[in-house]
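Assemble the whole structure, with the sequences as input and the hints as a guide.
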Amino acid sequence: MKNIQKSIVREEIIRSIRSFFYERDFHEVIPPILNETLPLEPNLNPFSTVWKTFEGEKKLYLSMSPERGIKNMLAQGMGNCFAISKSFRNLERSGSLHSPEFLMLEWYRKDATYENIMDDVEKLFSYLKPAVFNKKWPVFSLKKLFEEYLGINLEKAINDEKILFELATKKGYQTAGFTWTQIYDQLFISEIELKLPKYPLFLIDFPSRISPLCKPKKNNPDFAERFECYVNGIEIGNGNNENTNVTSVIKVFESQEKLTNLPIDEEFLSSLKMMNKNSYAGVGIGLDRLVMILNNETSINDTV
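Take any residue in the sequence shown, count from 1 to its spot, add 741: that is its number in the working numbering.
Possibly wrong hints are sitting among the right ones.
[As the list claims (entries may be wrong)] Once the Cα atoms are required to be at most 30 Å apart in a straight line, the calculated DSS-like pairs of lysine-lysine come out as:
hint: 1; residue 1: Lys958; residue 2: Lys939
hint: 2; residue 1: Lys936; residue 2: Lys912
hint: 3; residue 1: Lys939; residue 2: Lys912
hint: 4; residue 1: Lys851; residue 2: Lys870
hint: 5; residue 1: Lys885; residue 2: Lys958
hint: 6; residue 1: Lys939; residue 2: Lys877
hint: 7; residue 1: Lys959; residue 2: Lys884
hint: 8; residue 1: Lys959; residue 2: Lys912
hint: 9; residue 1: Lys958; residue 2: Lys999
hint: 10; residue 1: Lys912; residue 2: Lys870
hint: 11; residue 1: Lys884; residue 2: Lys958
hint: 12; residue 1: Lys992; residue 2: Lys800
hint: 13; residue 1: Lys876; residue 2: Lys864
hint: 14; residue 1: Lys877; residue 2: Lys911
hint: 15; residue 1: Lys884; residue 2: Lys939
hint: 16; residue 1: Lys800; residue 2: Lys903
hint: 17; residue 1: Lys876; residue 2: Lys897
hint: 18; residue 1: Lys911; residue 2: Lys885
hint: 19; residue 1: Lys936; residue 2: Lys864
hint: 20; residue 1: Lys884; residue 2: Lys827
hint: 21; residue 1: Lys903; residue 2: Lys870
hint: 22; residue 1: Lys870; residue 2: Lys827
hint: 23; residue 1: Lys1014; residue 2: Lys800
hint: 24; residue 1: Lys884; residue 2: Lys903
hint: 25; residue 1: Lys958; residue 2: Lys876
hint: 26; residue 1: Lys903; residue 2: Lys827
These are computed hints drawn from the structure, not numbers from a lab. Since this is a predicted model, take the numbers as computed values, not measurements.
See the structure below:
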């Protein structure tokens, strides 16, 4: 009975999410789960399976997010749209906030900025639980947080790699064989993320070098037009202005192809080319985490 009650609560939240977007004239996309290839992103690893037919076998990959399917429809002119879809990620950590199979909510706006999407996030949470989420979410800059908690200039650290490595070594972190991004992640997770306030907030000013599919800022390309949203100290969403510069995205895919041996997603690149005539912004939110927070649970396993 307890599991059925939890399932009903989850159902009601998903129904409300759909109502939120339908009321705002968004189209719903149902993206494919099985794909011949996927957009290749750093630190994301897909599951694969084999499609067996009388003509032979074909390797297929399980989607890591709804992004590929949504962007296909954006490229064809659908306009503002959203998806609620199963996603699968291999080599993920296990625990109360991670699962290899999870539900993701993702939406995009045409002719919009990531600030518009941040506004959507606030309104969505207020729509789902108005008694709790009824205030403006503060925005924190990572540049200021790195200065406050670590005493370093993040912009200088982006362009001078030894700064982060020397700091990590001084603090006792492992650095041998690590990349700049891995050192950054260690410092961010342990020295900043754990100290974030528990109330809802946004983080901005992410380095472009860890945000390859996000549009760089015009006035400072070292940083990306990107945000993350946190509730109860938990990261629940990652949004940005879309990088539709196919040349720069190809470089990312080619570097990942060497590491993963996965084929480059030409269909995804074709969608980006078609989207380049307009601006788009969007966000992906872990729906299991969202349900967990709204239902006052402590683990995503309690929401499924």
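These are the hints, each one checked on the structure:
1. Lys958 / Lys939: Given that 30 Å is the threshold and the Cα spacing comes to 28 Å, the pair holds.
2. Lys936 / Lys912: 16 Å, holds
3. Lys939 / Lys912: Satisfied, since the Cα-Cα distance of roughly 25 Å is no more than 30 Å.
4. Lys851 / Lys870: 27 Å, holds
5. Lys885 / Lys958: Roughly 17 Å separates the two Cα atoms, so the pair holds.
6. Lys939 / Lys877: 14 Å, holds
7. Lys959 / Lys884: With Cα atoms ~17 Å apart, Lys959 and Lys884 stay inside 30 Å; holds.
8. Lys959 / Lys912: Violated. Lys959 to Lys912 sits at ~34 Å, over the 30 Å cutoff.
9. Lys958 / Lys999: Holds. Lys958 to Lys999 sits at ~28 Å (cutoff 30 Å).
10. Lys912 / Lys870: With Cα atoms ~41 Å apart, Lys912 and Lys870 exceed 30 Å; violated.
11. Lys884 / Lys958: 14 Å, holds
12. Lys992 / Lys800: 24 Å, holds
13. Lys876 / Lys864: 10 Å, holds
14. Lys877 / Lys911: 38 Å, violated
15. Lys884 / Lys939: Answer holds: Lys884 to Lys939 is near 20 Å, not above 30 Å.
16. Lys800 / Lys903: It is violated: about 41 Å lies between the C-alpha atoms, which goes past 30 Å.
17. Lys876 / Lys897: 35 Å, violated
18. Lys911 / Lys885: Cα-Cα ~21 Å, so holds.
19. Lys936 / Lys864: Holds. Lys936 to Lys864 sits at ~26 Å (cutoff 30 Å).
20. Lys884 / Lys827: 34 Å, violated
21. Lys903 / Lys870: With Cα atoms ~45 Å apart, Lys903 and Lys870 exceed 30 Å; violated.
22. Lys870 / Lys827: Holds, at about 24 Å.
23. Lys1014 / Lys800: 26 Å, holds
24. Lys884 / Lys903: 18 Å, holds
25. Lys958 / Lys876: Holds, at roughly 28 Å.
26. Lys903 / Lys827: Violated, because 40 Å separates the two Cα atoms, which is more than 30 Å.
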